[in-house]
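Q: Here are the chains, one letter per residue:
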Amino acid sequence: MGMATSDPPLLILTSLASGPKHGHALMLDIESFSSTRLGPGTLYGAITRLEQRGLIEPLHSDDRRRPYRITAAGSRFLDAALADLKRIVDEGTARTRRAAPSPVPS
Amino acid sequence: MSRRLLLFYPRRWRERYGDELLAVVEAASGGGRVPLRIRLDLIRAGLSQRLRSSGLAGDEVPREARAKAGLGLVLWAWALFVLAGIGLQKTSEHWQAVTPHSEQAVPAAAFDGVVAAAVLGSAFVVLGVALAAGPLRAFLRSGGWRRARPAALLTVVTAAALVPVVAWAHHLNAAQRNGGDRLYELAFVLLAACAVASLAAWTHLGATTARRLRLEPRTLRLEARIAAVVTWTMAAMTCATVIWWASVASAAAPAPRMAVVALAMLCATGLASAGTVRALREAD
Chain A
0 MGMATSDPPL
10 LILTSLASGP
20 KHGHALMLDI
30 ESFSSTRLGP
40 GTLYGAITRL
50 EQRGLIEPLH
60 SDDRRRPYRI
70 TAAGSRFLDA
80 ALADLKRIVD
90 EGTARTRRAA
100 PSPVPS
Chain B
0 MSRRLLLFYP
10 RRWRERYGDE
20 LLAVVEAASG
30 GGRVPLRIRL
40 DLIRAGLSQR
50 LRSSGLAGDE
60 VPREARAKAG
70 LGLVLWAWAL
80 FVLAGIGLQK
90 TSEHWQAVTP
100 HSEQAVPAAA
110 FDGVVAAAVL
120 GSAFVVLGVA
130 LAAGPLRAFL
140 RSGGWRRARP
150 AALLTVVTAA
160 ALVPVVAWAH
170 HLNAAQRNGG
180 DRLYELAFVL
190 LAACAVASLA
200 AWTHLGATTA
210 RRLRLEPRTL
220 RLEARIAAVV
230 TWTMAAMTCA
240 TVIWWASVAS
250 AAAPAPRMAV
260 VALAMLCATG
270 LASAGTVRAL
280 READ
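Protein chains in written order, with numbering that gives the first Met the number 0: chain A, 0 to 105; chain B, 0 to 283.
If you are wondering where the hints come from, they were derived from the structure by calculation, not from laboratory data.
You may find that some hints are simply not true.
[Unchecked claim] Where chain A lies over chain B, by a calculated footprint (3+ residues, C-beta under 8 Å):
{"#": "1", "stretch": "21-34"}
{"#": "2", "stretch": "47-61"}
{"#": "3", "stretch": "111-122"}
[To be verified] Quick list of simulated restraints, FRET-style, between CB atoms:
{"#": "4", "chain 1": "A", "residue 1": "P57", "chain 2": "B", "residue 2": "G142", "range": "35 to 45 Å"}
{"#": "5", "chain 1": "B", "residue 1": "Q88", "chain 2": "A", "residue 2": "R63", "range": "47 to 57 Å"}
{"#": "6", "chain 1": "B", "residue 1": "A160", "chain 2": "A", "residue 2": "R36", "range": "28 to 38 Å"}
{"#": "7", "chain 1": "A", "residue 1": "T95", "chain 2": "B", "residue 2": "I42", "range": "35 to 45 Å"}
{"#": "8", "chain 1": "B", "residue 1": "L185", "chain 2": "A", "residue 2": "R63", "range": "24 to 34 Å"}
{"#": "9", "chain 1": "A", "residue 1": "R63", "chain 2": "B", "residue 2": "L212", "range": "49 to 59 Å"}
{"#": "10", "chain 1": "A", "residue 1": "S34", "chain 2": "B", "residue 2": "G142", "range": "54 to 64 Å"}
{"#": "11", "chain 1": "A", "residue 1": "S31", "chain 2": "B", "residue 2": "R217", "range": "46 to 56 Å"}
{"#": "12", "chain 1": "B", "residue 1": "L279", "chain 2": "A", "residue 2": "T95", "range": "37 to 47 Å"}
{"#": "13", "chain 1": "A", "residue 1": "A71", "chain 2": "B", "residue 2": "R217", "range": "54 to 64 Å"}
{"#": "14", "chain 1": "A", "residue 1": "D89", "chain 2": "B", "residue 2": "L279", "range": "36 to 46 Å"}
The beta-carbon is built from N, C-alpha and C at its ideal position, and this holds for glycine as well.
Build out the structure end to end from the sequences listed, making use of the hints.
A: What follows is the structure, encoded as structure tokens:
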């Protein structure tokens, strides 16, 4: 599982961190906070892998729209992934500041 | 439309997630026609899921199953290569007659190279089957032989159809055999279809049986190395065929037919390479 901010598993875990959601609600939520429009096929490919790894689990539903929730293992995974991302963001920000253009010598 | 798109997914996956996915597709399409973007996404994701479920991609099935999936792909690639080889054999029947004698050295060497690599590749395929002979015997004794019935039936049908077609061919001249007699042409195409179906049935049987066999890790590693040798022979045959094609007179190797043969060989070699990489990586 990658670490890119457009990585579907990471986006799904982030979305489920605020509570259980079914497929279409996940798509809308992810688009609202990341501007990433996941296709239904991509979404369910990631849901399949996350469920197989025990990072999310399905909840009971009486209709076809089955909600999913993040598991404890999923929360730990998300925390670790976000911490990694934060380290990269902090390092990138620091390096960008250090590399700010110096005045041109006359 | 959406339900048909689900056919790109494996059956078990459809049973578990199909209805949920359809509900999302309908909601995302506003209940109307499914947009092209979503259709393409479903096709790509469905094929990707098939690769994952078969063990050819991802890590969702055990390592042994992934290695066997790679070996199965090499077997399918070999079957495709056999068909391309038959095409080459048919196309190259009279190349010496239409190529000047002084220009035959390079194509003759290339053609000999194809034949040598074909013999070597076939020997290694047989060796691969022989290595799994013990587990294969146990599998067949426990009732696995029943799975061979469709392939055996197709082979009997092909053999039964072959006899009258060959007898018929002996009563026709070369022009009639090569497109002059429409009825014979139809019979030949049907016979070829039966032969292809038989080959596909045996290959399917081989690949699915390999998945069920209990192979020792050492045997699996050896099989992966054998698959690598077979892939090398396919690459060698493809190169030698292209050299042969480039060095014979155009009358000896009609471009459209040879293009199909070369493309099939290239595809088969590419598939075998992918299968070998998978098998070597997962078996070690």
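Q: The structure should be examined with respect to each hint, and the outcome stated for every one.
A: Hints, one by one, checked against the model:
1. A count of 6 residues in the stretch 21-34 of chain B with a Cβ less than 8 Å from any Cβ of chain A is obtained; the coverage claim is therefore met, three being the minimum.
2. Judged by the Cβ-Cβ criterion of 8 Å, the stretch 47-61 of chain B is covered by chain A as claimed, because 4 of its residues qualify and three suffice.
3. Counting residues of the stretch 111-122 of chain B whose C-beta sits closer than 8 Å to any C-beta of chain A gives 0, which falls short of three, so the coverage hint is violated.
4. The beta-carbon spacing between P57 of chain A and G142 of chain B, approximately 37 Å, falls within the hinted interval of 35 to 45 Å.
5. The given range of 47 to 57 Å is respected by Q88 of chain B and R63 of chain A, whose C-beta atoms sit roughly 54 Å from each other.
6. Distance hint check for A160 of chain B and R36 of chain A: the Cβ-Cβ separation is about 54 Å, which falls outside the suggested range of 28 to 38 Å.
7. The beta-carbon spacing between T95 of chain A and I42 of chain B, approximately 41 Å, falls within the hinted interval of 35 to 45 Å.
8. At roughly 49 Å, the beta-carbon separation of L185 of chain B and R63 of chain A lies outside the given 24 to 34 Å, and the hint is violated.
9. The hint said 49 to 59 Å for the Cβ distance between R63 of chain A and L212 of chain B, and at roughly 40 Å that hint is violated.
10. The hint said 54 to 64 Å for the Cβ distance between S34 of chain A and G142 of chain B, and at roughly 56 Å that hint holds.
11. For the pair S31 of chain A and R217 of chain B, the supplied restraint of 46 to 56 Å holds, since their beta-carbon distance comes to about 54 Å.
12. Judged by the Cβ atoms, the range 37 to 47 Å given for L279 of chain B and T95 of chain A holds: they are separated by roughly 42 Å.
13. The hinted window of 54 to 64 Å between A71 of chain A and R217 of chain B is violated, with their beta carbons roughly 40 Å apart.
14. In this structure the supplied range 36 to 46 Å holds for D89 of chain A paired with L279 of chain B, their Cβ-Cβ distance being about 40 Å.
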